[in-house]
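*Asks:* Go ahead and model the full structure; you've got the sequences and the hints to work with.
Protein chains in written order, with this note's numbering: chain A, 24 to 507; chain B, 43 to 367.
Don't read these hints as lab results, they were simulated from the structure. Keep in mind that a hint or two might mislead.
Stated by the list, open to error - Facing chain B, a subset of chain A residues (Cβ under 8 Å, in silico):
no. : residue
1   : Leu85
2   : Ala260
3   : Ala264
4   : Arg273
5   : Asp284
6   : Val287
7   : Arg295
8   : Thr296
9   : Glu298
Unchecked claim - Distance windows between CB atoms, simulated:
no. : chain 1 : residue 1 : chain 2 : residue 2 : range
10  : A       : Asp67     : B       : Asn293    : 38 to 48 Å
11  : B       : Ser328    : A       : Gly299    : 37 to 47 Å
12  : A       : Asp250    : B       : Glu179    : 15 to 25 Å
13  : A       : Arg362    : B       : Thr148    : 43 to 53 Å
14  : B       : Thr47     : A       : Pro218    : 31 to 41 Å
15  : A       : Glu288    : B       : Phe332    : 43 to 53 Å
16  : B       : Glu179    : A       : Thr90     : 43 to 53 Å
Ideal Cβ positions, reconstructed from N, Cα and C, are used throughout, including at glycine.
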Amino acid sequence: MGEIIEGSIELSGYDPNGYFCEIVSAASKGMIPHAIVQRLQGLDAVELMARSDAASRELYNLGITFTVYSDRMMIDRILPFDVLPRVIGAEEWVDVERGVTQRVETLNKFIWDIYHDKKCIKDGIIPAELVLGNKNFRPQMEGVSVPGGTYVHVCGIDLVRDGEGMFRVLEDNARTPSGVSYVVENRHMMQRAFPDLVDAFGIRSVDDYGPRLLKAMMDVSPEHVSDPQVCLLSPGAYNSAYFEHIFLAREMGVPLVEGRDLVVENDRVYMRTTEGNEEVHCLYRRIDDDFLDPKAFREDSLLGVPGIFEAYRKGNITLANAIGTGVADDKAVYAYMPRLIEYYLGEEAILPNVPTHICREPEGLKYTLDHLEELVVKPVGESGGYGILIGPRASKAELEEFRGKLRDDPSNFISQPMIDLSVCPTLLEGKIVPRHVDLRPFCVTGKSSWVLPGGLTRVALREGSLVVNSSQGGGSKDTWVLMD
Amino acid sequence: MTQLTLLARFAEEISWMARYMERADNLARLLEVNEVFARDRRGEHNWDAVIDLNADRELFEKNHGATTPSKTAYFYMLDRDNPNSIISSVRAARENARSLRPLISTEMWTHLNVFFNELQAISATSDSIPNISRFCERVRTACQAHTGITEGTFYRDQGWYFYQLGKYLERADQTTRLVDVKYHTLLPTADDVGSILDLSQWNALLRSAAGYHAYRRVHPRGIDPIGVAEFLVLNSRFPRSVRYCIGEVSNLLSQLIYTFQLTRGDRVAQAVDVIHKRLEDTDMQSIIDFGMHEFLDAIQLDLIAVAKAMDIAYFGQVEEGDVAA
Numbered sequence: 024m025g026e027i028i029e030g031s032i033e034l035s036g037y038d039p040n041g042y043f044c045e046i047v048s049a050a051s052k053g054m055i056p057h058a059i060v061q062r063l064q065g066l067d068a069v070e071l072m073a074r075s076d077a078a079s080r081e082l083y084n085l086g087i088t089f090t091v092y093s094d095r096m097m098i099d100r101i102l103p104f105d106v107l108p109r110v111i112g113a114e115e116w117v118d119v120e121r122g123v124t125q126r127v128e129t130l131n132k133f134i135w136d137i138y139h140d141k142k143c144i145k146d147g148i149i150p151a152e153l154v155l156g157n158k159n160f161r162p163q164m165e166g167v168s169v170p171g172g173t174y175v176h177v178c179g180i181d182l183v184r185d186g187e188g189m190f191r192v193l194e195d196n197a198r199t200p201s202g203v204s205y206v207v208e209n210r211h212m213m214q215r216a217f218p219d220l221v222d223a224f225g226i227r228s229v230d231d232y233g234p235r236l237l238k239a240m241m242d243v244s245p246e247h248v249s250d251p252q253v254c255l256l257s258p259g260a261y262n263s264a265y266f267e268h269i270f271l272a273r274e275m276g277v278p279l280v281e282g283r284d285l286v287v288e289n290d291r292v293y294m295r296t297t298e299g300n301e302e303v304h305c306l307y308r309r310i311d312d313d314f315l316d317p318k319a320f321r322e323d324s325l326l327g328v329p330g331i332f333e334a335y336r337k338g339n340i341t342l343a344n345a346i347g348t349g350v351a352d353d354k355a356v357y358a359y360m361p362r363l364i365e366y367y368l369g370e371e372a373i374l375p376n377v378p379t380h381i382c383r384e385p386e387g388l389k390y391t392l393d394h395l396e397e398l399v400v401k402p403v404g405e406s407g408g409y410g411i412l413i414g415p416r417a418s419k420a421e422l423e424e425f426r427g428k429l430r431d432d433p434s435n436f437i438s439q440p441m442i443d444l445s446v447c448p449t450l451l452e453g454k455i456v457p458r459h460v461d462l463r464p465f466c467v468t469g470k471s472s473w474v475l476p477g478g479l480t481r482v483a484l485r486e487g488s489l490v491v492n493s494s495q496g497g498g499s500k501d502t503w504v505l506m507d
Numbered sequence: 043m044t045q046l047t048l049l050a051r052f053a054e055e056i057s058w059m060a061r062y063m064e065r066a067d068n069l070a071r072l073l074e075v076n077e078v079f080a081r082d083r084r085g086e087h088n089w090d091a092v093i094d095l096n097a098d099r100e101l102f103e104k105n106h107g108a109t110t111p112s113k114t115a116y117f118y119m120l121d122r123d124n125p126n127s128i129i130s131s132v133r134a135a136r137e138n139a140r141s142l143r144p145l146i147s148t149e150m151w152t153h154l155n156v157f158f159n160e161l162q163a164i165s166a167t168s169d170s171i172p173n174i175s176r177f178c179e180r181v182r183t184a185c186q187a188h189t190g191i192t193e194g195t196f197y198r199d200q201g202w203y204f205y206q207l208g209k210y211l212e213r214a215d216q217t218t219r220l221v222d223v224k225y226h227t228l229l230p231t232a233d234d235v236g237s238i239l240d241l242s243q244w245n246a247l248l249r250s251a252a253g254y255h256a257y258r259r260v261h262p263r264g265i266d267p268i269g270v271a272e273f274l275v276l277n278s279r280f281p282r283s284v285r286y287c288i289g290e291v292s293n294l295l296s297q298l299i300y301t302f303q304l305t306r307g308d309r310v311a312q313a314v315d316v317i318h319k320r321l322e323d324t325d326m327q328s329i330i331d332f333g334m335h336e337f338l339d340a341i342q343l344d345l346i347a348v349a350k351a352m353d354i355a356y357f358g359q360v361e362e363g364d365v366a367a
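*Replies:* See below:
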C-alpha cells in the first residue's frame with residue numbers, strides 16, 4: 024500500500040471539471056494513497072474496455088440482473104458495471120460508520136415514539152400532521168411492541184459528497200432498501216476479472232453481509248424460541264429485485280419463500296414443506312406493508328399472507344423491517360432528522376443533511392418559489408428519481424409549469440440547493456471520464472448496529488447527469504473501503 | 043443425517059423443470075427423426091403423426107390452418123403460442139429455474155438461461171424456419187448438457203430426487219405415447235410385410251427413442267415390430283423404456299420415504315406399484331392379446347394417478363372434496 028502524502032495529483036487526460044473527484048481530489052488531500060491514482064494511470068483503457076464488456080456478458084449470463092417490463096415482455100437487464108472503483112479511506116469511513124449508526128438509532132427511537140407515546144409531537148419537534156397524516160403511517164402499529172425496539176433492521180442511507188468534499192445525507196431508506204447484492208457481486212466480479220486492479224490494496228471484505236444479517240434476524244426473533252426459523256419473503260420471480268432476494272437467501276442460508284408458501288393457523292405462521300407445515304419465526308420480508316396481509320392492509324393483495332399481521336401483533340413472528348417504517352424515510356420527515364437526532368440522542372448529526380426547504384411551511388414555499396431556478400425540487404412521496412425538477416437545468420416553461428404544481432400542492436414538495444455532486448473516474452467508450460456518483464451504505468441492526476464496510480456506489484453514466492437511478496441510466500461501481 | 047427442509051413449491055417446480063427439459067429433448071428427437079427418416083410412400087414428409095402424437099391438431103389448425111412441413115416444424119420448434127413447442131418447454135423450464143435459483147447450482151441456472159436466450163434470438167416464422175436437423179441437434183445437445191451439469195453439480199438432497207422423479211415420469215409418458223401412436227400407424231398390412239418402407243419406419247421409431255443402437259445390440263439379427271415395441275416398453279436395461287423408467291421412479295420414491303423420512307409418499311408408492319405390477323406381470327404376447335393401445339392407455343392413466351398422488355403428498359395440494367367449507 025502506498026504512502027499517503029498530500030499534494031496536487033493528476034490523472035493525465037482526465038479533468039474533473041472543478042468537481043470533487045473521489046480519486047484525484049481524495050488522493051490530493053491525503054484521504055487515499057497515491058498508489059491508487061498511479062494504478063489507474065497505468066491502465067490501457069481500450070484493453071480494459073474489452074475485458075469490461077466480457078464481464079458484463081458474464082453478469083448477464085449469471086442472471087445478476089434486474090427485470091424491466093416493456094410491452095408485456097420481461098427483459099433482464101444488468102446494472103451497468105463500471106470497472107474503475109470508488110475508494111474511501113479508512114479514517115473517513117469511521118465517520119460514515121458513526122454517522123449512519125447514529126441515524127439508524129434515531130430512526131428506531133423515532134418510530135417507537137410515534138407508535139407509542141408520541142412525545143416528539145407533544146414536544147413540538149415535528150408537526151403532528153407530517154406523522155399522523157403520512158400515508159405510510161400505520162395506525163394498526165400503535166401500541167405494538169417489537170423485539171429490542173428495532174424497526175429498521177436494514178437501512179440504506181443515501182449519501183452524496185458536496186463541492187467541498189463533505190458527505191451529506193440525501194435520503195434515508197428505511198423500508199426495503201435494495202442494492203446490497205450488487206455490492207458483493209461487484210466485488211466478486213472485480214476479483215475474477217480485474218485482479219490486476221484489486222491486488223495489493225488493503226480492501227475491507229464485504230463477504231460478511233449474509234451471516235451478519237442472519238445473526239441480526241436471530242437476535243430479534245421472538246424470545247420464546249430457542250432455534251428460530253428465519254426465511255426471506257419475496258414477492259416472487261417476477262419482481263425486479265428477485266436476483267437480490269435469491270442472493271440474500273443464499274448468503275443467509277435460509278429458505279426463500281413467497282406468500283403462497285406460508286399459511287397462518289392459530290396466529291402462528293407456517294411454511295408448506297414436503298414434510299408438512301413447519302413454523303416460521305422471523306421473516307426478512309421484501310414485500311411492502313401494503314401487500315403483506317390482505318386482512319390487515321390492501322385487500323386485493325395476492326402476494327401476502329392472510330392473517331400474518333395478527334400473528335405479528337401477538338409476537339409470534341418478527342418482521343424485518345417492521346411494519347410502518349415508511350413514515351421515517353419520507354422526504355418531508357427527512358428535513359427534521361437533525362432535530363430528531365438532537366432530541367433523542369442529545370447529539371449533533373455526524374452526517375449533515377442537505378439544507379432542505381419544506382414547502383408545506385410558508386417561508387419554505389416562498390423561498391422555493393423565489394429561487395426555483397437554483398433549486399432541486401422533489402415530490403415527497405416518490406422514489407426512483409421520478410418527478411424531480413432540477414432548477415438550473417430546467418427551461419423557462421418547465422419552471423413555470425412547476426411553479427403551478429408547487430402552488431397547487433405545496434405540502435407535496437421539498438426543495439434543496441443544487442449540490443455539486445462529486446465525480447469519479449469512469450470508463451466509457453475507451454476513455455476515462457468524470458461522472459457523478461452517490462453512495463448507499465447499508466446498516467444492519469438486530470440488538471446492535473453494524474455497517475457493511477463498502478456500499479453501493481451508483482454512477483450517472485450520462486455526461487453531466489446527476490440522476491444515478493438504475494431506471495434512468497445509472498450504473499454501479501465497486502466501492503473500496505481501505506484498511507487502516 | 044440432518045434434514046434440510048424443502049418447500050413444497052420448490053419440490054414441485056424442480057420436478058417440472060426436469061419434466062420440461064425432458065419434454066424438449068424428446069420432441070427434438072422426434073422432429074429430427076421425422077425430418078430425416080419418416081417419409082410416406084411417395085417420399086413426402088409426413089408430419090401428421092407428430093401432431094397426433096402430441097394431440098395438438100385442434101390448436102394447430104386454429105393457428106396455422108392446413109399442415110405443411112414448414113408450418114408443422116415451426117409449430118413444434120419455435121412457436122411461442124404453442125405451449126408444447128420446444129421453445130415453450132425450454133421457457134417453462136427456465137422460468138422454473140429462475141424461481142429455483144436459491145436451490146439449484148449457479149451452473150444449472152446459467153446454462154438454462156443462456157440456452158433460452160439463444161433460442162429466443164433465432165428469428166423464424168412459420169414460412170421461414172432454420173434447418174431442422176441442426177436446430178434439433180442443438181436442442182438435444184443442450185438438454186444433454188443440462189442433464190450432465192445437473193448430475194455433476196446438484197446437491198443430493200430431496201431436491202435431486204424430485205428432479206429425477208420428474209424426469210423419469212415424463213420420459214415414461216413420452217415413450218408410452220410414442221409407441222402408442224406409432225404402433226397403430228406402423229402395424230403391418232398384408233401388402234407391407236417385409237417391405238423396405240416398413241423397416242425404415244420401425245427404424246425411425248427406435249431412433250426417436252434414441253434406441254436404435256441399443257436395440258441392435260440386443261437384437262443383432264433384425265428389426266421386427268413386436269421386438270421393437272417390447273424393447274421400448276418392457277426392456278429393463280434400456281434407459282428410455284417404460285419399465286426402466288418406472289423402476290427408477292420406484293427407487294427414487296423409496297429414497298424419499300426411507301432416507302428422507304417423507305412418509306407422506308406412501309400413497310404415491312401405492313400408485314407406482316400399480317404400474318410396476320402391470321409391467322412385471324405381463325409379456326409381449328399378453329399385451330398384444332389385451333390390445334397394445336388399451337395397455338398403453340392404462341399405463342397413461344396410471345401415470346396421471348401417480349402425478350396426482352405427488353401433488354397431494356408432497357406439493358401441498360389439497361385433496362378434492364377435502365377443501366374446507
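*Asks:* Would you mind marking each hint as holding or not holding in the structure?
*Replies:* Results of checking the hints against the structure:
no., hint, result
1, Leu85, "holds, 6 Å"
2, Ala260, "holds, 4 Å"
3, Ala264, "violated, 13 Å"
4, Arg273, "holds, 6 Å"
5, Asp284, "holds, 5 Å"
6, Val287, "violated, 14 Å"
7, Arg295, "holds, 4 Å"
8, Thr296, "holds, 5 Å"
9, Glu298, "holds, 6 Å"
10, A:Asp67 - B:Asn293: 38 to 48 Å, "violated, 58 Å"
11, B:Ser328 - A:Gly299: 37 to 47 Å, "holds, 41 Å"
12, A:Asp250 - B:Glu179: 15 to 25 Å, "violated, 52 Å"
13, A:Arg362 - B:Thr148: 43 to 53 Å, "holds, 48 Å"
14, B:Thr47 - A:Pro218: 31 to 41 Å, "holds, 38 Å"
15, A:Glu288 - B:Phe332: 43 to 53 Å, "holds, 49 Å"
16, B:Glu179 - A:Thr90: 43 to 53 Å, "violated, 32 Å"
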